[in-house]
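2 protein chains.
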Amino acid sequence: MTRGFAVAEYRARVRRAQTEMSRVELGALLLTTEPEIRYFTGFLTRFWESPSRPWFLILPASGDPVAVIPSIGAALMGTTWISDIRTWAAPDPDDDGVSLLADTLREIGGPVGVPDGPESHVRMPLGDFERVRHASGLDWRGDEGIVAALRAVKSEAEIAKIAQACAIAGRAFDRVPEIAAPGVPLSRVFRDFQRLLLEERADWVPYLAGGAGPDGYADVISPASDAPLAEGDVLMLDTGAVWDGYFCDYDRNFAIARSSPAQRDAQARLIEATLAGEEAARAGARACDLWQAMADIVGGGEGAGRLGHGLGMQLTEGLSLTAKDQTVLQPGMVITLEPGVNLAPNRIMVHEENIVITDAAPRRLSRFATPDLPVI
Amino acid sequence: MTRGFAVAEYRARVRRAQTEMSRVELGALLLTTEPEIRYFTGFLTRFWESPSRPWFLILPASGDPVAVIPSIGAALMGTTWISDIRTWAAPDPDDDGVSLLADTLREIGGPVGVPDGPESHVRMPLGDFERVRHASGLDWRGDEGIVAALRAVKSEAEIAKIAQACAIAGRAFDRVPEIAAPGVPLSRVFRDFQRLLLEERADWVPYLAGGAGPDGYADVISPASDAPLAEGDVLMLDTGAVWDGYFCDYDRNFAIARSSPAQRDAQARLIEATLAGEEAARAGARACDLWQAMADIVGGGEGAGRLGHGLGMQLTEGLSLTAKDQTVLQPGMVITLEPGVNLAPNRIMVHEENIVITDAAPRRLSRFATPDLPVI
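Same order as they appear, the protein sequences are chains E and H.
The numbering of the first sequence is the working numbering, which starts it at 34 and goes up by one.
The numbering of the second sequence is the working numbering, which starts it at 34 and goes up by one.
Hints listed in this document are in silico derivations from the structure and should not be mistaken for laboratory results.
There could be a bad hint or two in this list.
Said to hold, decoys possible - Per the computed footprint, the stretches of chain H lying under chain E, defined by three or more beta-carbons under 8 angstroms from a beta-carbon of chain E, are:
| # | stretch |
| --- | --- |
| 1 | 71-82 |
| 2 | 246-257 |
| 3 | 340-352 |
Quick caveat: nothing in here was measured; it's all calculated off a predicted structure.
Backbone N, C-alpha and C define an ideal beta-carbon position, used for all residues, glycine too.
Work out the full structure: start from the sequences and follow the hints.
Pasting the structure below:
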């Protein structure tokens, strides 16, 4: 499968953003985070792990984007379709891109929109952000969700990358019997599962969570302990593996040596809820409708929380399958279905699959699990 | 080696912060990012990969920190030493923690300090940040670098974790001959090197960069291409592997099948510069002094850029070894020495080691490479 995207796709993304910018009368969009900048440029690097340098991309009301970036990124940005690349020698304790960014914004003109809605943040020091705002002499406002709305609907090329990540994880999940057995510490299972994902051709593994216990697990965000797996445990592994910058995000449950009736019932109910979510996942339905379809099966109380979410360039992005989220599904949205059930006080089992919304029934991106809890 | 830290260490960190808060007359410190919150609580999870939920920690002028977090994190935060944990059902499109955070801040009292200096950002939507500021009715300002200054000087327990990460990477580097050979695509070498790091007991591998070519590589931040290694290439792998939440950050160069005189000269000069940096790395010296010591050997022109940096809970954090950084070294600071040389126009070789500043000569955390470029 080809890496990257055709330049025409980046140009189309910029055009769509500019149409919306015109509607809300923005002169420029200022982007500062990894997925926002990559979405419009294709600039893909793990160097964002370093917080030392800010990176900026400006979308003008018309014309091509302008990158204002540390000189260390000039070579890589030069391999993308972006041609207007302005650099400074970062980190500079006296002026870390502030003057260059303010000058560039003044040249392009305002008002300047900055993503300010759910899931967004401004990735630069607050002090410098205020200095740029002041030095630009322009009006500043939010982006009215323009960037998030664009990113929420994936192209076929984006969906293919997510499907690739899902296939990689599927092959790794098939190999869990190689690494999990009674007596093996959970921390070792976590390390080995990341190794399996890499062997199955993940580029890297930004996210792995999980848990184990006879009545499920306490949460789905804790790091692995060194406690060994025991016969009768249910083991859950939940991964966000990446291929060419796109995530999968789904999990699998396994019974260790033997399964209990409560575990088997939970698995069956989780699959039933997942299928109900899939059935409700039609263009025009709301996020809360999918939540309701699943909550009707797993119980819609406080604990039901978020039963799925969008995904793509980030592990979670866009809509949330909650009682309150009224977002309307559109073809091209990639989402997870992620119901959970309680097996005991503070002990849960969760299940997760990935689908893409179409004009008809959703397309499965992960190979759905069956109601039978696998025993290994 | 033990995971986590003694509660006494967290209490000491909070006390030191409160001493500084008193000096600059802050009533509360508001923290929003992963390393800031983990530093004071021990809250360790890869769930930060999800941007959907903001997380908050408030340090009052006296007394213990207060966590204001999504309910999904309550179980894990409950395992730390933090006892005042206030939660909301995030993500909530109507009020995503804004009221709860503003109420808690009002109860604690201001002025509220927020990290706003180099490398910092505010990890929450800008719109909600402004709503919280307004709703709190308190004065808001920067933290005057309090948190960054505390984090820059590591405890013995922190240094031990970084040393562990360095040892893991050292064993993986020793095994590079298993995975690199003429004809192997660089992308496969990257995947396999991450696998080696996991086999050598890294918890995970947030960062891997590198490059290959007969005259070095174009930069140190690009992802791997599928181009195969060729005889006469020099291969560089640079990793930030993590053990218990702490990074190593160093690299190794390898000649593939045979080395050229230019490559061997470059390696020798890089090691010479590294040793000069180590020699200059004394408490009381400034970051720019170390830069100068290395630049005198590799050339101090524009391209010399940053020749090292602090590290710890992040791949890069704290001071920069640049011509402009006047930060004074203190015992307990962990830094990288990272000189680079040009082999051809736009082609470089870089070398990196990790050390900790002490009252005397620095202590090596990575096993230093020799001037002889290894051939594999």
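Next item on the list: Provide an ascending list of the numbers of those earlier hints which the structure does not satisfy.
Entry: none
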